[in-house]
Structure formats: C-alpha cells, structure tokens
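There are 2 protein chains.
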Amino acid sequence: MRILILGGAGMLGRKLAERLAAAASLGGRAITGLHLHDIVEPAAIAAPFPVTTAVGDRAVSGVAEAAIAGRPDLVFHLAAIVSGEAEADFDKGYRVNLHGTLNLFEAIRHAGFRPRLVFSSSIGVFRGPFPETITDDFHTVPQTSYGTQKAIDELLLTDYSRRGFFDGIGIRLPTICVRPGKPNKAATGFFSNIIREPLAGHEAVLPVGDEVGMWHASPRAAIGFLIHAAGLDSALVGPRRNITMPGVSCTVGDQIAALRAIAGDRVVARIRREPDATIQRIVAGAAWKFTPKRALDLGFVADKSFSAIIEAHIADELGGRIAA
Amino acid sequence: MRILILGGAGMLGRKLAERLAAAASLGGRAITGLHLHDIVEPAAIAAPFPVTTAVGDRAVSGVAEAAIAGRPDLVFHLAAIVSGEAEADFDKGYRVNLHGTLNLFEAIRHAGFRPRLVFSSSIGVFRGPFPETITDDFHTVPQTSYGTQKAIDELLLTDYSRRGFFDGIGIRLPTICVRPGKPNKAATGFFSNIIREPLAGHEAVLPVGDEVGMWHASPRAAIGFLIHAAGLDSALVGPRRNITMPGVSCTVGDQIAALRAIAGDRVVARIRREPDATIQRIVAGAAWKFTPKRALDLGFVADKSFSAIIEAHIADELGGRIAA
Numbered sequence: 000m001r002i003l004i005l006g007g008a009g010m011l012g013r014k015l016a017e018r019l020a021a022a023a024s025l026g027g028r029a030i031t032g033l034h035l036h037d038i039v040e041p042a043a044i045a046a047p048f049p050v051t052t053a054v055g056d057r058a059v060s061g062v063a064e065a066a067i068a069g070r071p072d073l074v075f076h077l078a079a080i081v082s083g084e085a086e087a088d089f090d091k092g093y094r095v096n097l098h099g100t101l102n103l104f105e106a107i108r109h110a111g112f113r114p115r116l117v118f119s120s121s122i123g124v125f126r127g128p129f130p131e132t133i134t135d136d137f138h139t140v141p142q143t144s145y146g147t148q149k150a151i152d153e154l155l156l157t158d159y160s161r162r163g164f165f166d167g168i169g170i171r172l173p174t175i176c177v178r179p180g181k182p183n184k185a186a187t188g189f190f191s192n193i194i195r196e197p198l199a200g201h202e203a204v205l206p207v208g209d210e211v212g213m214w215h216a217s218p219r220a221a222i223g224f225l226i227h228a229a230g231l232d233s234a235l236v237g238p239r240r241n242i243t244m245p246g247v248s249c250t251v252g253d254q255i256a257a258l259r260a261i262a263g264d265r266v267v268a269r270i271r272r273e274p275d276a277t278i279q280r281i282v283a284g285a286a287w288k289f290t291p292k293r294a295l296d297l298g299f300v301a302d303k304s305f306s307a308i309i310e311a312h313i314a315d316e317l318g319g320r321i322a323a
Numbered sequence: 000m001r002i003l004i005l006g007g008a009g010m011l012g013r014k015l016a017e018r019l020a021a022a023a024s025l026g027g028r029a030i031t032g033l034h035l036h037d038i039v040e041p042a043a044i045a046a047p048f049p050v051t052t053a054v055g056d057r058a059v060s061g062v063a064e065a066a067i068a069g070r071p072d073l074v075f076h077l078a079a080i081v082s083g084e085a086e087a088d089f090d091k092g093y094r095v096n097l098h099g100t101l102n103l104f105e106a107i108r109h110a111g112f113r114p115r116l117v118f119s120s121s122i123g124v125f126r127g128p129f130p131e132t133i134t135d136d137f138h139t140v141p142q143t144s145y146g147t148q149k150a151i152d153e154l155l156l157t158d159y160s161r162r163g164f165f166d167g168i169g170i171r172l173p174t175i176c177v178r179p180g181k182p183n184k185a186a187t188g189f190f191s192n193i194i195r196e197p198l199a200g201h202e203a204v205l206p207v208g209d210e211v212g213m214w215h216a217s218p219r220a221a222i223g224f225l226i227h228a229a230g231l232d233s234a235l236v237g238p239r240r241n242i243t244m245p246g247v248s249c250t251v252g253d254q255i256a257a258l259r260a261i262a263g264d265r266v267v268a269r270i271r272r273e274p275d276a277t278i279q280r281i282v283a284g285a286a287w288k289f290t291p292k293r294a295l296d297l298g299f300v301a302d303k304s305f306s307a308i309i310e311a312h313i314a315d316e317l318g319g320r321i322a323a
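Protein sequences, first through last, are from chains Z and P.
Quick note: the first sequence, position 148, residue 147 per numbering that gives the first Met the number 0, numbers continuous.
Quick note: the second sequence, position 3, residue 2 per numbering that gives the first Met the number 0, numbers continuous.
Straight-line Cα separation of at most 30 Å, DSS-like style, residue types lysine-lysine; simulated pairs:
1) Z:Lys14 to Z:Lys292
2) Z:Lys14 to Z:Lys181
3) Z:Lys292 to P:Lys288
4) P:Lys288 to P:Lys303
5) P:Lys181 to P:Lys303
6) P:Lys14 to P:Lys181
7) P:Lys181 to P:Lys288
8) Z:Lys303 to Z:Lys14
9) Z:Lys288 to P:Lys292
10) P:Lys292 to Z:Lys292
11) Z:Lys181 to Z:Lys288
12) Z:Lys91 to Z:Lys14
13) Z:Lys181 to Z:Lys91
14) P:Lys288 to Z:Lys288
15) P:Lys91 to Z:Lys91
Everything labelled a hint here was simulated from the structure, so no lab data went into it.
Turn these sequences into a full structure, and let the hints steer you where they fit.
Here is the structure:
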C-alpha cells in the first residue's frame, strides 16, 4: 500500500513515518511507498520501502493535486496552523486550515480514487460551558478560529465520505503531551513545556493556574490512534466519522505532582509561574473531561495515567535520563 | 436604520420585506432604506422608505462587496440553494451555500462596519440517531450536503462574530409549512404540497409514509423569528450564536388528520401516495422532536399547533377560502 502523510515534517508526521518504516506494513498489508509532504522540507527517513518528500503550500492552486498524484491508498492529513498562530493570524489560519483542507478534499474528489483518509482533528472543536463529562453527541461550538477550522474540516470530511469521494476518519486528538522538541505556537504548549524543560535541566514558564485542566495523550498514544484509525472498518464507524480520542484528564496541579513523584523537587523547582491572560483565557474554558465511549468501543487505547505519559517521554525522548 | 435582505426574491425574503414595509420600523428604530439582493430580480414592493433591488451571484468576485456597499445596519442572509438541489448538484451547493456565505462574511469584515447579521440556518444541521428529544447542546452531524453547508456557515458566523467582524445570530428554521407558491426543489417540499395543493383544489403527491415526522413553522412564525432575532441583545445570546427555533412536532399522519378536521374528506382525497425512496431516505431520519429551551427563553414564539398552521395559510394565502 502507498501512504501519503501531509504534515510530514511535523512532530506527529515524523514519528508516524518512523513507526511505519519500522513496521513495514499496516493492517497486514505491506507498505510499498511513503510520500511526505509539508510546507517545509520533511526530514528523510530510512525505511524498507521508497520514501519521497515534497514541499508545498496546499492553499496554492495545483499543490494539493501534486501531493496526491501518486494516488495513495491511505492519506494521513496532519497539516495545520496551530491554535495560537491561527488566533493571531486570522487569514493564515483560514487559508491553510480551511481552504488548504478543502483543496486537498477537492483534489482527491476530482482525481477519482477513494483512499482512506485519516484527519487529525482536535478537542479544540469543543468549548464550555460543559456538562460534568463531555459525551460523544455534545455539540461542537468552538471559541477559537483553530477550533472553528477543525470543526468545519470535520463536517467536510463527513460529507465527502458520505458522497463516496474518500473514506474519511477524523480523530479528535487530546493535547499532545509531552510534546518533544522546541516549543511551537500552540496556546497549549505550556502543558508540555512544564514537563519537558525541567526534565532536560531547563526552566519552563507556567502561564496559568494549577486548577487548569486538560485532556492529554502522549505522542506514543497519538501515533497509536492514527495507525488504529487507518485500519478501522468504516462499517463499524458509521456515518458519524469524527471521533473523540480517549485521553488522560488532569489539572496542571496533577501534572506537577506526577512530575514531583517521578523526578523530585529540584526538577519541579524549574517551573516558573508567569501568568498570561491570553493563554489563560484560551485554555481556562477548554474541554478536559470526556466520556469517549465510541473511541473505546472502536478499540482506541489511551495512556494509563499522567505518570505513564511522563515515563513514556523519559523513555522515548531522553534515553531514560533525567537532568539532575 | 438601513436593512439588506440577501435572498430578497425568495419566499421568506419577500414576506419579510412586506412585513418591514408595513411596520416601517424595527425594534423601535425607523427603517430608512431597504436593499433586496438575490440571484434573480426581487419583486419591487411598496414601502414608506426607499427600496432598491440588485441581482448577482455572491460566489462571483465583487458581488458580495457590492451588495453590502450601503453599509446596512442589519443584514438578513436568507439566500441558499435548497436541500434537494444541493444534494443533486454538489458543486453548486458548495459554491453558493459555503463560498457565497464566506464571500459575504469576508466582504463585511473587510468593509470594516459591524452590522447585526441574521442568518437562516436549518434543522437540517441535525441527523439521527436522535435521543427522545433534541436539546440545545446536541451535536450537528448532518447527512446532507445542504445540512453540512449550513453547519459550516453557523461555525463561520460564530467565529466572525467572536472576532467582532459582525454581530451574528443564526436561527435554525424548522421546515416552513405551509410554503406558498410553486413547489421548489427542497426535499421537504411535500410537507407543504399535501396541504397547499388540496386546499387549492389540486392533487398533491405524498412520497413518504404517514409515520414520517417533521418540525414545522408557518411562514408567519418564521418571519416572526427573523424579526425577533434582528432585535435580540447579543449579551443575552452569548457566544453560542446559533439557536434552534421552536416549532410544531407532528407526523404526516397528524398533518392529514388536521387537514381533514379543517377541510374535510374531499380535500384530503386529493393527496395521492407515490413513494419515493430518495425523499424517504432524506426525510426519514430528519430531526422532528426538539426541546428548544434557549429559543423559548430568548422569546421566540412558535405556532400553537398544526391546525393553527393550516388556518394561518388559509387566512394569509387563500383569503379564507378552501376549494370545495
């Protein structure tokens, strides 16, 4: 099977490509080729099948068509302007997250093949006030432009799938934590920063209060979701093709307590509190308590706890070592 | 105040214009001008203020800008490709119902004024399986392209309003019944046809079974919703700017029973049963039982019963006369 990853230079795209290279197959089918596409050049990876890369802006005419020219059997659409940037730059967010996605969907429709398409949506499609727990039929009324764009993409994915233009599955990812590498422009970046940076011996800024909650998934769990979605039987999914992923629900205070238990007070002392009203406003009303029944019924598997998320980070990114 | 009606040649647009002309004011403010815009020439109406008309396709560059050039204080956006046509012509539906709306919103944003914008959404944004009754926080996962386009427009309206580009209110209209005039391409048209045509002495085709239910509002009630939405205090509405309108919940069997009670067996005998699998599929899973708490709290008023809907039609459209 031929696979395309849009957003192949991003953190999830790179990890997904590495996982596919290591497995060499997906759902029992041998992978015969992988194409990585992004707005910046994706890193080459070693794999037992040909890997090609391309750079382009899907909001520009012809780019989406070129990206899918190989008629992949499976498309992972992970490319997006992140929440903070989509909020700061209205036009850029809509250009990439709405029109870029629409261009991709139209390119596939007009090319006339029918791939499985796995789309990374976000729990940012939800916004409070919330009930005690958010069930699978709760309405999506975002209060960020990013969440709006993801919710629109979900609707398009459902309609294009219903029409038979592709076979889409949208997965609403929790906040990815602990996100490795440099901080990005996501407003939710600090949830990772306050774990990753102290473990590496660096200071991290905490812009919100301890009471702020979030719905977390490790990169390892998120890659698991993507792979699982790729192989799902669409007859089991039915017409509601966007599914809230399972996660770990905890507050910033819970995160810090887990970090303290694993790494000690000296590491926790590297967290510096510096309130930021804008970030507080964005994340304070975020969704963080879910009952993701459909995802669990369909076999998606979450991290076991926030401690397990930290331990996965230490194992996968730090070679088992914490900076004393 | 200056008012723009997009979709001014449509049934609701025309009735709204006539109501505004008769009232001469809205929410205590005198109307100083009315501009009617549509894809076909709107009929001129007599009014105590200047009325202008224009024809254009908002999906074409520059047309939306021209339509709002008078910087209206209030915009009614009622223009859309109806459900049956949007399902039959995928490109046309998206071009008008998504891109046409987006062009309008962008035109207002770039013009830099901030009108109240009342948007006619639809209960077509919902699709079953449903709970016993649909509450205001039920998710919008349409299974028609029309419903998809309306749900996307709702999301855009919320985000553009949140950003301060305009002050939007979306009202999810029930099926309009009894719709006067000729049948249009809406898949739900028969709900009106089976009342209107027999009352006028003509045969009507019923393409679905008696058990099919719908959520109804008379044209009179719908115009009331639009006028009420125009004057709503957005502080009371809050960030969730799309509101399910109240209606009358009944089955086709209930409709026919009400018609029989008002007009007798001879009129009912003009209904001819001719099942249509496509229409049955579209309407059989439609939403028809709601608890529209927010709308009621905000003062929207529904018809009292389906009999009242028939009586309103006989009074408003037939001069009180039924064809024997």
